[in-house]
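Asks: Protein chains in written order, with UniProt numbering: chain A, 1 to 403; chain B, 1 to 306.
Derived by calculation from the structure, the hints in this document are not laboratory data. Every residue gets a Cβ at the ideal spot worked out from N, C-alpha and C, and that includes glycine. Treat the hints with care, as some may be off.
To be verified - Below, computed lysine-lysine pairings styled on BS3-like, alpha-carbon distance capped at 30 Å:
#	chain 1	residue 1	chain 2	residue 2
1	B	K107	B	K275
2	B	K149	A	K45
3	A	K347	B	K214
Unchecked claim - Taking beta-carbon pairs under 7 Å as the criterion, some of the chain B residues facing chain A (in silico):
#	residue
4	F68
5	A75
6	C274
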Amino acid sequence: MADEEDGNEYRWETGYEKTWEAIKEDDDGMLEASVAEIIQRAKRKRQAERRPNTRLGMMRHLYIILDSSEAMTDQDLKPTRQLCTAKLLEGFVEEYFDQNPISQMGIIVTRNKRAELVCELAGNGRKHVDIIKQISQGPCAGEPSLQNSLELALSSLRLLPGHASREVLVVMGSLTTCDPHDINVTIQKLKAEGVRCSVIGLAAEVKVCRQLSKETGGLYSVILDDCHFRDLLLQQVEPPPAARTQDCSLVRMGFPHHSNGTESSDASSASSNNPMSFCMCHLDVESKVDSTKLGAAGHLCPQCGSKYCELPVECRACGLTLVSAPHLARSYHHLFPVDNFLEIDAKENQQPRCFGCRRKFVELDKHAYKCGACSQIFCLDCDIFVHDTLHSCPGCTSSAKNH
Amino acid sequence: MAAMADEVETSLLVIVVDLHTRQRYLRDQPSLLMHVLDSVITLANMHLMLKTKNKVAIVGCNASNSEFLFCDADAIQPQPGQSGQSTAVRQSDGQYEIFAHLETTVKQNIKDFMQDEQSTFFEDKDCESLIAGALTLALCYINRINKEKSAGENLNSRLLILTGCAGGASQHMAYMNVFFTAQKQNIVMDVCSLEYELGLLQQGCDITGGLFLKIPQLQGLLQYLLWVFLPEPPIRKKLVLPPPARVDYRAACFCHRTLIDIGFVCSICLSIFCKFSPICTTCNTVFKPPGSLLPKKKKKQIKNVC
Ligand SMILES: [Zn+2]
Ligand SMILES: [Zn+2]
Ligand SMILES: [Zn+2]
Ligand SMILES: [Zn+2]
Ligand SMILES: [Zn+2]
Chain A
1 MADEEDGNEY
11 RWETGYEKTW
21 EAIKEDDDGM
31 LEASVAEIIQ
41 RAKRKRQAER
51 RPNTRLGMMR
61 HLYIILDSSE
71 AMTDQDLKPT
81 RQLCTAKLLE
91 GFVEEYFDQN
101 PISQMGIIVT
111 RNKRAELVCE
121 LAGNGRKHVD
131 IIKQISQGPC
141 AGEPSLQNSL
151 ELALSSLRLL
161 PGHASREVLV
171 VMGSLTTCDP
181 HDINVTIQKL
191 KAEGVRCSVI
201 GLAAEVKVCR
211 QLSKETGGLY
221 SVILDDCHFR
231 DLLLQQVEPP
241 PAARTQDCSL
251 VRMGFPHHSN
261 GTESSDASSA
271 SSNNPMSFCM
281 CHLDVESKVD
291 STKLGAAGHL
301 CPQCGSKYCE
311 LPVECRACGL
321 TLVSAPHLAR
331 SYHHLFPVDN
341 FLEIDAKENQ
351 QPRCFGCRRK
361 FVELDKHAYK
371 CGACSQIFCL
381 DCDIFVHDTL
391 HSCPGCTSSA
401 KNH
Chain B
1 MAAMADEVET
11 SLLVIVVDLH
21 TRQRYLRDQP
31 SLLMHVLDSV
41 ITLANMHLML
51 KTKNKVAIVG
61 CNASNSEFLF
71 CDADAIQPQP
81 GQSGQSTAVR
91 QSDGQYEIFA
101 HLETTVKQNI
111 KDFMQDEQST
121 FFEDKDCESL
131 IAGALTLALC
141 YINRINKEKS
151 AGENLNSRLL
161 ILTGCAGGAS
171 QHMAYMNVFF
181 TAQKQNIVMD
191 VCSLEYELGL
201 LQQGCDITGG
211 LFLKIPQLQG
221 LLQYLLWVFL
231 PEPPIRKKLV
241 LPPPARVDYR
251 AACFCHRTLI
261 DIGFVCSICL
271 SIFCKFSPIC
281 TTCNTVFKPP
291 GSLLPKKKKK
301 QIKNVC
């Protein structure tokens with residue numbers, strides 16, 4: 001995997017750098033439009049580079065290592081690096097769980113030469129967002145320790161079953177790290193355990209970070225501004241190719257019945273034929289057990305009957321992973337992506353309007369985009385929307401000829 | 001911050017009408033098509049009447065195609081000589097003009113649409129209506145209108161599907177993609193079923209926070225549309241509406257399409273199987289034998305489960 005990524009790491013970044021030149025040259029008042037267009041083109045390029053049908057590591061286990069050293073108080077990102085990072089991470093967490101429905105994430109914070117586990121590996125994004133909000137109000141002090149953080153992540157990741165995809169994402173503001181021992185030993189250990197480590201630098205390139213990502217098959221990039229930062233984070237949302245060390249297995253899972261109404265339904269709307277009971281997820285946090293958690297609504301483990309109010313979850317009584325069918329369906333688009341549309345010259349395009357959004361093509365549109373399967377013509381916005389969000393071609397699904 | 005006061009709440013309603021000629025009501029009594037269409041057009045016009053900035057689009061679908069029947073491309077073009085300013089004046093005296101225009105446009109487009117179906121007539125009796133396709137079009141359209149909205153305009157978009165068909169299994173993947181996209185973009189999807197309990201679309205309503213309603217009789221269609229589906233989702237909490245249906249979220253295995261409680265999931269592609277097999281039929285991965293499946297780490301177990 002490391003060899004596949006070699007040489008690719010900078011492609012996106014250099015493409016982006018060139019865009020700044022392009023913007024500078026173009027100073028006839030069309031600036032905003034052209035920036036948007038350039039970013040969209042970069043997105044398109046990224047989509048085109050995506051290799052279909054690679055084996056992916058879908059059951060991801062990702063530790064975010066967040067620098068909370070003094071360097072994070074720098075104001076080159078607004079309002080501060082710390083607050084900007086927290087804001088962007090919140091968005092990342094949401095996207096991550098949206099695109100990787102049965103994956104887990106943990107958070108490690110490093111400051112004062114120490115590493116602290118603030119969130120264990122867990123599969124519920126809401127908890128992570130809360131913790132990130134807390135961190136953003138916390139102190140930033142001293143130097144970070146990359147090695148301590150990596151060792152902490154590794155100690156947890158190495159316990160996972162063989163089919164799990166293990167990853168670390170470091171967000172590093174500091175240019176230095178305070179490590180107790182030779183960090184190369186840690187890097188070799190990570191490599192041996194198949195932990196893919198990516199680093200996003202907020203300041204400038206640091207040799208040890210490059211070394212880390214290169215050795216473990218991750219990506220290393222240094223941000224240019226907050227938009228670039230966001231894009232780099234979003235890059236991490238896609239499931240990575242399966243590591244060579246990763247086992248493949250059939251995992252036994254339970255699909256609980258949806259016992260009543262919507263997930264958010266409260267006790268009052270629960271049907272009367274189900275007995276009232278507590279859900280397992282709120283048993284241990286006694287202070288939080290209140291009347292709203294006592295009810296008939298919930299998901300019952302098909303193996304042992306324990307009740308949970310949220311999915312996905314690992315049954316605490318019998319260990320079965322519980323998911324819902326739509327949870328799994330959420331990631332099928334990674335496996336059956338819409339083929340990239342063909343970019344055609346505006347002059348070749350005979351259609352007056354985009355097939356998807358019915359927008360009229362105007363002179364400003366230099367290109368149109370054609371689906372290879374159904375031959376319908378789309379505008380750039382729809383091209384991006386279809387491949388980034390919708391994951392079904394409107395032309396192909398709108399005509400029986402393509403079924 | 002001053003924009004807060006000027007913020008205008010507007011609503012874009014996209015109606016998907018199933019025009020499959022094999023819907024039972026159309027087979028039994030083709031003239032009922034006009035009854036359904038008139039109800040839909042009335043709903044659309046009522047929606048426009050609620051707020052001057054409300055928008056509406058209609059997409060039709062059958063077994064061979066799905067296509068816009070009405071969208072902003074069909075809107076009345078401003079008369080030459082009239083500047084943008086005067087549109088406000090036009091609206092006050094031009095409401096009826098807009099309603100009549102919507103009606104004639106939809107009816108004309110439907111005529112063309114249905115004729116297309118006749119020409120590409122389908123032998124396969126069981127082929128389904130391309131509702132998922134119509135929904136993808138609707139989502140592309142909503143995506144654009146949302147981008148084009150003016151600053152300070154708060155546009156809420158929603159979908160309403162009107163169908164007398166059953167099924168949807170052949171477009172399962174497209175439906176799922178539509179549901180998740182709508183959920184992500186806060187687009188509520190409502191379904192008004194003229195005939196069947198539709199499991200798949202019910203899941204969609206549940207995922208997006210919309211309403212599923214199977215109407216007991218076609219005669220009362222307009223009343224149901226106006227009472228249940230005209231109010232915007234935030235207002236619905238205050239109304240007495242049909243309770244949410246129980247939605248079955250169990251998985252169907254890829255091998256036999258039967259619903260299962262416990263199954264095996266491929267760690268590479270997440271395909272679901274009802275039995276252990278040594279190779280994944282979706283991604284061709286060869287699996288380790290089931291003995292090695294137990295996780296190494298045992299989490300703290302909770303005792304006293306009762
Ligand atoms: Zn259990
Ligand atoms: Zn378009
Ligand atoms: Zn297509
Ligand atoms: Zn099966
Ligand atoms: Zn597979």
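Asks: Going through the numbered hints above, which ones does this structure break? Give me the numbers in ascending order.
Replies: Per hint list: 1, 3, 5, 6 violated.
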